[in-house]
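Enquirer: The sequence shown maps to residues 0 to 552 in numbering that gives the first Met the number 0.
In short, the hints are calculated from the structure, not lab data. Incorrect hints may have been included.
[As the list claims (entries may be wrong)] Label-pair ranges, simulated between beta-carbon atoms:
1. P452 - G160: 47 to 55 Å
2. E57 - A518: 54 to 62 Å
3. L209 - F398: 40 to 48 Å
4. V347 - K64: 43 to 51 Å
5. Q333 - K484: 31 to 39 Å
6. S506 - A162: 19 to 27 Å
7. G95 - V163: 35 to 43 Å
8. K64 - K390: 45 to 53 Å
9. G160 - P384: 20 to 28 Å
10. F140 - K484: 23 to 31 Å
[To be verified] Cross-link-like lysine-lysine pairs, in silico, DSSO-like; alpha carbons within 27 Å at most:
11. K447 - K64
12. K523 - K512
13. K257 - K360
14. K131 - K156
15. K257 - K225
16. K257 - K286
17. K512 - K156
18. K156 - K225
19. K447 - K484
20. K447 - K390
Note that the Cβ used here is the ideal one computed from N, Cα and C, for glycine as well.
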Amino acid sequence: MSTGVSSEMPVPVPEPKVGVQHDEHDIVPEKNVDTTKGDLSAQWLSQYDGPRERITTEQSEQVRKRIDRYLLPIVFYIYFSQQLDKQSLSFASVFGIQTDANLTGAEYSWLNSIVYFAQLVFQPLSVYALVKFPVNWWICFCFLGWGVSCCILAAFKNFAGLAVFRFILGAFEASIAPSMLVVVSMWWTRREQPLRNNIWYSANGLSTILGSLLTYGLGHGAANTKLYPYQLIFIVCGAIAIVLCIPTLILLPGHPTKARWLNDEQKYVSLERIRMNNTGTQSQDFKWSQVIECLLDPKSWGWVIMIFCISLVSGGITSFGPLILQGFGLNQFQTILYNMIPGAIGIVSNIISALAVQHSKRKFPVILVASAFPLAGAAAMYALPRGDQYKSQLLAVYFLLTVYQCISPLYFSWAFANTAGHTKKTTTTGMLYMGLTVGNIVGPQLYKTAEKPYYHTGLTANLIVLCIMAGVVVLQTLYLTILNKRNERRRKASGKTGIHIDFSLESSANWEKLRQQQAEYEAKSGNNEGEQYNSQAFMDLTDLQNEDFIYSL
0 MSTGVSSEMP VPVPEPKVGV QHDEHDIVPE KNVDTTKGDL SAQWLSQYDG PRERITTEQS
60 EQVRKRIDRY LLPIVFYIYF SQQLDKQSLS FASVFGIQTD ANLTGAEYSW LNSIVYFAQL
120 VFQPLSVYAL VKFPVNWWIC FCFLGWGVSC CILAAFKNFA GLAVFRFILG AFEASIAPSM
180 LVVVSMWWTR REQPLRNNIW YSANGLSTIL GSLLTYGLGH GAANTKLYPY QLIFIVCGAI
240 AIVLCIPTLI LLPGHPTKAR WLNDEQKYVS LERIRMNNTG TQSQDFKWSQ VIECLLDPKS
300 WGWVIMIFCI SLVSGGITSF GPLILQGFGL NQFQTILYNM IPGAIGIVSN IISALAVQHS
360 KRKFPVILVA SAFPLAGAAA MYALPRGDQY KSQLLAVYFL LTVYQCISPL YFSWAFANTA
420 GHTKKTTTTG MLYMGLTVGN IVGPQLYKTA EKPYYHTGLT ANLIVLCIMA GVVVLQTLYL
480 TILNKRNERR RKASGKTGIH IDFSLESSAN WEKLRQQQAE YEAKSGNNEG EQYNSQAFMD
540 LTDLQNEDFI YSL
């Protein structure tokens, strides 16, 4: 467990300790720190001349509520708009884009997949940009780009034109979800992050609901225009993104120290809250050593495998969900209306799973329980025959399958909570989204038009990857436990108290009691670390370099 010494008196950033003896089996990357190119928070704190006192529960809650009020709606509607534009093709499929745009064979599947090819290609650029540029400016640039691209899609009535601008759309969208993770990690504690990540990710569900209603209206209204329904859908979805880009540019700060709606004392409190995470906020120094460490870190690849598995499930269901529903015997407008239910399931399951994580302070058991629902749904949908007499059962198991929507944001929270060093965090995010994009590319290809309405190949693949995913979750948990034991040995070897209470996973209401408990641990070990607690939090160290880092299970 790690202390929240944001709760203790801060001191100037010390030089890393050298000459510490470690267990011969420990692999500890060298600490190579240039504080002039470190975390932006450390630079701001070095110039802050206000009071530097231990922050209270009341201060933390006041600032947290202010951050929630100003920032959470912004990240929510950004992701909502992205998902609306991305799902616009799925909505258009119900109203005959295949016929109106002269699509043949597997061209519709490729229009779904090509977005993810673009995200795969442009993910390295996203990693670099999220280090070198203010995150708010980069988000606004991409926001405007995908809105314009979606509008331009309406100009084409053939596969080639649609494919080109779906690729461009995907290129602009490549950075958005990674940017959301960076924003959440620099503003909220590790206890608070899962709920916030799941809230903005639940915009996916809201986009399904509102997008379905919007499509229902546009599908009827297109008869009164010279446009095909799919053209009207693309124009409206893209226009929404362009309009929402304006308040984003005005209201979204690039860093806690840049927020116009926080005074200096509140900025100080916000940084001291994040000190507890031991993950830092942002550094604009791109460190290749952290890229290499990330690529060699086994847990990085564990996240990639897990996100690939759930994205394979997601990619197929997102692209073919409306067509699967039509296979149950629903007409066009019934399909659109029933497609809103998975959106509601996504919102509810995201909130419930995040609250479960916040209460238990553990992510792996919540992920395993959540995985059981799509596993059961896919198995039942594979086994059930089709026909009107089975419609209610088929709908029930299909909705059970869509609980998968709450799993991806839990992986994102889990990965970001266990990664420190800004370049390493952005590289980890890039790797995660490369796994996500590959899963979303492969997923739709497993749903064969010739197999409708059964889609046995796609459902079989879902069953296999969900089982693999559960196994990797267990292995990852064991590995994180080993790393925690290693860091405990390192702390003892450097003269610190081995047991640290992780304030970042605790409610601020419990801080005072936990401070007393931590003091007892220190007294028993003969140490009195006090203000040295979490002193390396803003040195842009990686999780493997910082012995104070505690891995969240």
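Enquirer: The structure should be examined with respect to each hint, and the outcome stated for every one.
Expert: Structure-based check of all given hints:
1. At roughly 30 Å, the beta carbons of P452 and G160 sit outside the given window of 47 to 55 Å.
2. Checked against the hint of 54 to 62 Å, the pair E57 and A518 fails, with Cβ atoms roughly 21 Å apart.
3. L209 and F398 have their C-beta atoms about 18 Å apart, which leaves the hinted 40 to 48 Å range violated.
4. Checked against the given bound of 43 to 51 Å, the beta carbons of V347 and K64, roughly 24 Å apart, lie outside it.
5. Take Q333 and K484: their Cβ atoms lie about 55 Å apart, and the range 31 to 39 Å is violated.
6. As the Cβ distance of S506 to A162 is approximately 50 Å, the hint placing it in 19 to 27 Å is violated.
7. For the pair G95 and V163, the supplied restraint of 35 to 43 Å is violated, since their beta-carbon distance comes to about 21 Å.
8. A hinted range of 45 to 53 Å for the beta carbons of K64 and K390 is consistent with their spacing of about 46 Å.
9. Judged by the Cβ atoms, the range 20 to 28 Å given for G160 and P384 is violated: they are separated by roughly 41 Å.
10. Evaluation of the 23 to 31 Å hint for F140 and K484 yields a failure: the beta carbon distance comes to about 44 Å.
11. Note on K447 and K64: the hinted pairing is violated, with a Cα-Cα distance of about 48 Å set against a maximum of 27 Å.
12. Distance restraint check for K523 and K512: the Cα-Cα separation of roughly 17 Å lies within the 27 Å cut-off, and the hinted pair is therefore satisfied.
13. For the proposed pair K257 and K360, the alpha carbon gap of about 31 Å is over 27 Å, so the pair is violated.
14. A hinted pair counts as satisfied when its Cα atoms are at most 27 Å apart, and K131 with K156 does not qualify at roughly 39 Å.
15. This hinted pair does not check out: K257 and K225 have alpha carbons roughly 48 Å apart, beyond 27 Å.
16. A threshold of 27 Å between alpha carbons decides the hint, and for K257 with K286 the separation of about 23 Å falls inside it, so the pair holds.
17. A threshold of 27 Å between alpha carbons decides the hint, and for K512 with K156 the separation of about 66 Å lies outside it, so the pair is violated.
18. Between K156 and K225, the direct Cα distance comes to roughly 13 Å. Compliance with the 27 Å bound is thereby established for this hinted pair.
19. The straight-line distance between the Cα atoms of K447 and K484 is roughly 48 Å, outside the 27 Å bound, and the hint therefore fails.
20. Taken as a hint, the K447 and K390 pair is honoured in the structure, with Cα atoms around 21 Å apart against an allowance of 27 Å.
Hints 1, 2, 3, 4, 5, 6, 7, 9, 10, 11, 13, 14, 15, 17 and 19 from the list above are not met by this structure, while the remaining hints are.
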